[in-house]
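Starting from the known structure of chain A, arrange chain B on it as the hints suggest.
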Amino acid sequence: MIDAFSWIAVLPELVLLVMACAITLLDLLVKSRLRTGSFVLTLITLGAVAVLQAFYANTSATVYGLSNMVVSDPMGNWLKCFSALAVMLTLIYGRAYAGDRDMLRGGELFSLSLFALLGMFIMIGGNNFLMIYLGLELLTLASYALVALRRDHAQSTEAAMKYFVLGSLASGLLLYGLSMMYGATGTLNINEVFRVTNSDLVNPQVLTFGIVFVVAGLAFKLGVAPFHMWIPDVYQGAPTAITLMIGGAPKLAAFAIVIRLLVEGMLPLWFDWQQMLMILAVASLLVGNFAAIAQTNLKRMLAFSTIAQMGFVLLGLMSGVVNGHAGFAANAYSSAMFYILSYVLTTLATFGIILLLAREGFESEEISDLTGLNQRSPLYAAVMAICLFSLAGIPPMVGFYAKLSVLQALIASGSVLNLGIAIFAVIMSLVGAFYYLRVVKVMYFDAPAAQGPASEGVRAPLGTRAVLTVNGLLVLVLGILPGGLMILCARAIVQMLSA
Amino acid sequence: MGLLSLAIWLPIAFGVLLLTLGRESQARAVRWVALIGALASFLVTLPLWAGFDNGTAAMQFVEQTVWMARFNVNYQVGVDGISLWFVLLTAFMTVIVVIAGWEVITERVNQYMGAFLILSGLMIGVFSALDGLLFYVFFEATLIPMYLIIGIWGGPNKIYAAFKFFLYTLLGSLLLLVALIYLYLASGGSFDIATWHQLPLTGTAQTLIFFAFFAAFAVKVPMWPVHTWLPDVHVEAPTGGSAVLAAIMLKLGAYGFLRFSLPIAPDAAHEWAWLMITLSLIAVIYVGLVALVQQDMKKLVAYSSVAHMGFVTLGFFLFNDLGVSGGLVQMIAHGFVSGAMFLCIGVLYDRMHSREIADYGGVINTMPKFTAFALLFAMANCGLPATAGFVGEWMVILGAVKANFWVGLLAATALIFGAAYTLWMFKRVYLGPVANDHVKELTDINGREFLMLTVLALAVLWMGVDPKPFTDVMNASVAELLKHVAVSKLPVPGIGISN
Chain A
1 MIDAFSWIAV LPELVLLVMA CAITLLDLLV KSRLRTGSFV LTLITLGAVA VLQAFYANTS
61 ATVYGLSNMV VSDPMGNWLK CFSALAVMLT LIYGRAYAGD RDMLRGGELF SLSLFALLGM
121 FIMIGGNNFL MIYLGLELLT LASYALVALR RDHAQSTEAA MKYFVLGSLA SGLLLYGLSM
181 MYGATGTLNI NEVFRVTNSD LVNPQVLTFG IVFVVAGLAF KLGVAPFHMW IPDVYQGAPT
241 AITLMIGGAP KLAAFAIVIR LLVEGMLPLW FDWQQMLMIL AVASLLVGNF AAIAQTNLKR
301 MLAFSTIAQM GFVLLGLMSG VVNGHAGFAA NAYSSAMFYI LSYVLTTLAT FGIILLLARE
361 GFESEEISDL TGLNQRSPLY AAVMAICLFS LAGIPPMVGF YAKLSVLQAL IASGSVLNLG
421 IAIFAVIMSL VGAFYYLRVV KVMYFDAPAA QGPASEGVRA PLGTRAVLTV NGLLVLVLGI
481 LPGGLMILCA RAIVQMLSA
Chain B
500 MGLLSLAIWL PIAFGVLLLT LGRESQARAV RWVALIGALA SFLVTLPLWA GFDNGTAAMQ
560 FVEQTVWMAR FNVNYQVGVD GISLWFVLLT AFMTVIVVIA GWEVITERVN QYMGAFLILS
620 GLMIGVFSAL DGLLFYVFFE ATLIPMYLII GIWGGPNKIY AAFKFFLYTL LGSLLLLVAL
680 IYLYLASGGS FDIATWHQLP LTGTAQTLIF FAFFAAFAVK VPMWPVHTWL PDVHVEAPTG
740 GSAVLAAIML KLGAYGFLRF SLPIAPDAAH EWAWLMITLS LIAVIYVGLV ALVQQDMKKL
800 VAYSSVAHMG FVTLGFFLFN DLGVSGGLVQ MIAHGFVSGA MFLCIGVLYD RMHSREIADY
860 GGVINTMPKF TAFALLFAMA NCGLPATAGF VGEWMVILGA VKANFWVGLL AATALIFGAA
920 YTLWMFKRVY LGPVANDHVK ELTDINGREF LMLTVLALAV LWMGVDPKPF TDVMNASVAE
980 LLKHVAVSKL PVPGIGISN
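Residue numbers (the working numbering), protein chains in the order written: chain A, 1 to 499; chain B, 500 to 998.
Just chain A, same shape as in the assembly (with noise of 0.2 Å):
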């Protein structure tokens, strides 16, 4: 089966590559230390692909290219729009920062996030077990660089290193369910897959057993527990601008991938990966809310708390199928969809700030470094508090709704086992909102230290501090009008289930 060459499935990831490669040339010419040519190049190249994802997720339209290898549909359109935005963000965000500690000496910064975002966009659009794969290991290993990126730094090789191992091992357990699958299903197809497990014709205890593997690597991916231990490691060891780069938009490609493997591919096998998420996501739930407890590192805290956030993420979606009635499906994997995108937004204005207040010599990565922050400056604690009460799950803020669409779905769901998940989830955020907000406390209720570099406003530039207002305000303003929001991803989904 080919089909013609659809220059809609492969052109944003054509324009990538293209200027990935240019900009990684032209760095070379560049001697400016904050490399504005290159950052200026790779802003418009991101906006350009953003827009470019935008329109064709416009269209509606579900098209495949490459001989079936990829897929471009609205779900994965949006994602892929999302993800350049947040990349976008973290370098806006991340440039002065990482001006300041010389990591933008060799130029690498950009062309390896280009490279990163390529790697996400072929894992969205891939519609083929290879081609997932493929962006996946394209995405880590641009990760692995990016995190070691400052060499004369202990803590980040040795998160780099950490992360490349454990990094390796999912990736590993991944390829391994992957073969397992093509094993039994005799093909590497994603629509194929689904249309012979969806028949008898295959041997269950083969697919059992591959699907384990696959979950267990997407779970590595997603970093839910129990495979979680790479995340508070890389989130503290990694310089600040690069933990926001792997823990903003990859989430969204991560998510993609669980969506086309284990909806698009293996719905049928739903009783099996169900089952397997439910006992993730209550892990998840428990160890991160707790564990984020205990923290005072705000880089570590919020890496806890990320666990427990993606932990939601999955209860969203095992909701979509019970008793082997998809009908709650679109309803469920929207409201998964809604949080993963509501939870990114909210974390890259987390971050922004800390990348914000952070300075030569100064990582403002400790929860007391915010001591006082609402006398230094008013603005900027409003913002972080706008994002802490989000991630708590506060209204208006709109990670309010994200939390209420799952709790939605689980408890639509109609079995009772949901319906005491979600009591259980809704014990463990109050859990969450202890943390949270013991920082709000921290910048709102304490004064500020009489000297160093804590007790000193936020200096940046204009364009950042406006970009980063907007951000924030845009957790309050879409908790306050989420609907737009909602219905764009209950569309995405319901056009990638009737697909």
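Keep in mind the hints are simulated off the structure, nothing from the lab. Each residue gets a CB set at the ideal place from its N, CA and C atoms; glycine is no exception. Misleading hints may appear alongside valid ones.
[Said to hold, decoys possible] Chain A is nowhere near these chain B residues, computed Cβ spacing over 12 Å in every case:
id: 1; residue: Q559
id: 2; residue: V636
id: 3; residue: H696
id: 4; residue: V725
id: 5; residue: T727
id: 6; residue: D820
id: 7; residue: I863
id: 8; residue: V900
id: 9; residue: W905
id: 10; residue: F925
id: 11; residue: D936
id: 12; residue: H937
id: 13; residue: I944
id: 14; residue: L950
[As the list claims (entries may be wrong)] Reference listing, derived: stretches of chain A covered by chain B, where coverage requires no fewer than 3 residues with Cβ under 8 Å from a Cβ of chain B:
id: 15; segment: 343 to 354
id: 16; segment: 394 to 403
id: 17; segment: 485 to 498
Using the frame of chain A, we list chain B on its own:
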């Protein structure tokens, strides 16, 4: 934009405006802007009262627009006889609080005033929301400004109090959320509260919903034994915070019982009325005794609040006209009286920086004008006829005697305890010879304080002498509510309505 929306959003808009006025040097302007904002918001609520039709139980000033189409959530507001007075009371108390904080608050004035104005708008939103989710969003959002008010401007142990306040009430609210989602699903996808009132529910479902609501509202009221957060919070909160907390925020819980628990789960409400009445009586009697032994004035008034709110919940669960309207009248009266009591303590605290009863004595000699006001409010707190405190208590006791003589008798003992702790405190603080040099140096109230207390005194007397305008407004709505609650919702066997 309708009147009611204006009443909600005008104070919020002013609050946000205040937050943007940053500098300490602008404090004077900030105060005036806050006063203008509070007065304007209060004036906006007056036409609501003037144009209110007492003859109908229907919702008035209704506005409706689609808010989140995907979840069928509407921005839907309106007032009936049950909620109208609380809208007015909220706007009124906000003016008082702005005046009360006028020169007392010198640090971060803009944030203090902004927080109160935003809080005011949010609370009016709670009282006028006709959509379950809208109600929840307002209900929860009030936590954020209150948390900051306690934590920033509170006493020495403010952080403990702020956390206790937030987490206690959040736990209750989260269970409320689960119940709301359940009702949403049970009603086939509607968040309209009026629809929920008509929803047939099984006995088990009603009981579960009733207790989920109980978790949220009983903590907020607060009922014994979940009242322990209130004294801690009152002691630490700044004067304005205590006044708003006692005058309005506690009413959110009681209001929730009337708007949600009784009409949505009438059978469960009847079944568990004995429990509610018992808890209320314990609050009235036991907490009254606890108040008697307090050394701290604020704690004493806080416990007295718990006892007085016990009257309110007692009245509600008698299921007769006198009980319910008595409870409502008591809520409004308690709003004026407890607000005034806390402001009086604030007046003393500003001068002496102590709330210990033992530090005072003979204040009447140095502050005669102030003592006159304090005496009036103390009398109202005891329930002296011709003051606001009398009407509600009398109606509730009458309703209790009508329902069960012994319940009435026990409730009536509260009058004795109320008089005992209030008068004993009054004697120790105000009467007798001047106790020490600090008291000797006290100066009587200034024009601002005189104005603030006069307005409250007039309100207390007006309500005591002529309660008809208050009860007239509620009659139709209370009658309608009782008629509704009297009808069982349990599916009639044989007809086959079930969930």
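inquiry  = Are any of the numbered hints broken by this structure? If so, which, sorted upward?
reply    = 2, 15
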